[in-house]
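**Student:** Just so you know, the protein sequences line up as chains R and X, in that order. With numbering that gives the first Met the number 0 as the guide, the letters of the first sequence map in order to residues 0 to 162. With numbering that gives the first Met the number 0 as the guide, the letters of the second sequence map in order to residues 0 to 103.
The set of hints was computed from the structure by calculation and includes no laboratory data. Quantities reported herein were computed from a predicted structural model and do not represent experimental measurements. All C-beta atoms in this analysis are idealised placements derived from N, C-alpha and C, irrespective of residue type, glycine included. Any given hint could be a false lead.
[To be verified] Some chain R residues near chain X, calculated using beta-carbon distances under 8 Å:
1. G21
2. S50
3. P52
4. T63
5. V71
6. L74
7. D75
8. L127
9. E128
10. G144
11. E146
[Stated by the list, open to error] Derived Cβ-Cβ restraints for the label pairs, each shown as a range:
12. R:A27 <-> X:I71: 51 to 59 Å
13. X:A70 <-> R:A82: 41 to 49 Å
14. R:S50 <-> X:S84: 17 to 25 Å
15. R:H115 <-> X:M35: 27 to 35 Å
16. X:T12 <-> R:Q57: 42 to 50 Å
17. X:A27 <-> R:D1: 41 to 49 Å
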Amino acid sequence: MDQELVRLAINLGLPLLLLVLGYFTGTAFEHTHYRSIRLRERRWRRMPTLSFPRPLPQWQVQDTAMVTGSVVISLDYFKRFLAGLRGLVGGRVKSYESLLDRARREAILRMKESAHTAGFHAVVNLRLETSRLASSGRKGKGTAGVEILAFGTALKIADPARP
Amino acid sequence: MILSNTEDVPGRTIREFYGVVTGSTVRAKHIGRDLMAGLKNLVGGELKGYTELLQEARQEAMDRMAEQAQAIGANAVVNIRFSTSSVAQGAAELFAYGTAVRVE
């Protein structure tokens, strides 16, 4: 009797504990991450970033280089559980939407930051790539994380005050 | 070596084409990093170890591509593309390719 109780507690209690842990830590991480993203996006808004390959005609390009920014991000246990439930009924999987949104914005910010550190003023031909990293467990069927890569060509402009 | 993902190098003219150059590397995760990532999978957030690992690997692929371009006498690689694929459990191939050219 006692043994069965213990087994029940472990079988039900552990996933429940992980759900609660995932819920609190995941929400906290997402909150602080979004705050940092908003702050840095305001800071980097004035760096022109274009998704087409031609520099603007008024730019006098002095130097170019490739810049990249990437991030590997993962869901928490609670959100993965929610996404699993969503898989039964269909519809929007909000937990993954916000995850990918965060990752994409973070990758672009990192790319801009690395362009700035290297002394560049603008980025053209921005491209974004998404790839899934298979985990080593469960015969590679699980997802260890999602990588978002942002890359483009950074430009050094002669008169960056008037981009 | 000038690297760019645009069709030409902004502000310069292409004089000669040398064809496609490629660079790739296959990397496996290290067990310590995998363990940490397993924990991170419970609480969510960035898997920093993986971010660094993939960044290093991508840099290596790009270096190999640039080396190949240099060996055939080019001074720039344009229209660079990347691709990432999970080839086996816990291993990923990072691949970079582009067109080697001579610019003035």
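**Student:** Give a verdict on every hint.
**Tutor:** Hints, verified against the model:
no. : hint                         : result
1   : G21                          : holds (6 Å)
2   : S50                          : violated (11 Å)
3   : P52                          : holds (4 Å)
4   : T63                          : holds (5 Å)
5   : V71                          : holds (4 Å)
6   : L74                          : holds (6 Å)
7   : D75                          : holds (3 Å)
8   : L127                         : violated (11 Å)
9   : E128                         : holds (6 Å)
10  : G144                         : holds (5 Å)
11  : E146                         : holds (6 Å)
12  : R:A27 <-> X:I71: 51 to 59 Å  : holds (52 Å)
13  : X:A70 <-> R:A82: 41 to 49 Å  : holds (48 Å)
14  : R:S50 <-> X:S84: 17 to 25 Å  : holds (24 Å)
15  : R:H115 <-> X:M35: 27 to 35 Å : holds (30 Å)
16  : X:T12 <-> R:Q57: 42 to 50 Å  : violated (20 Å)
17  : X:A27 <-> R:D1: 41 to 49 Å   : holds (45 Å)
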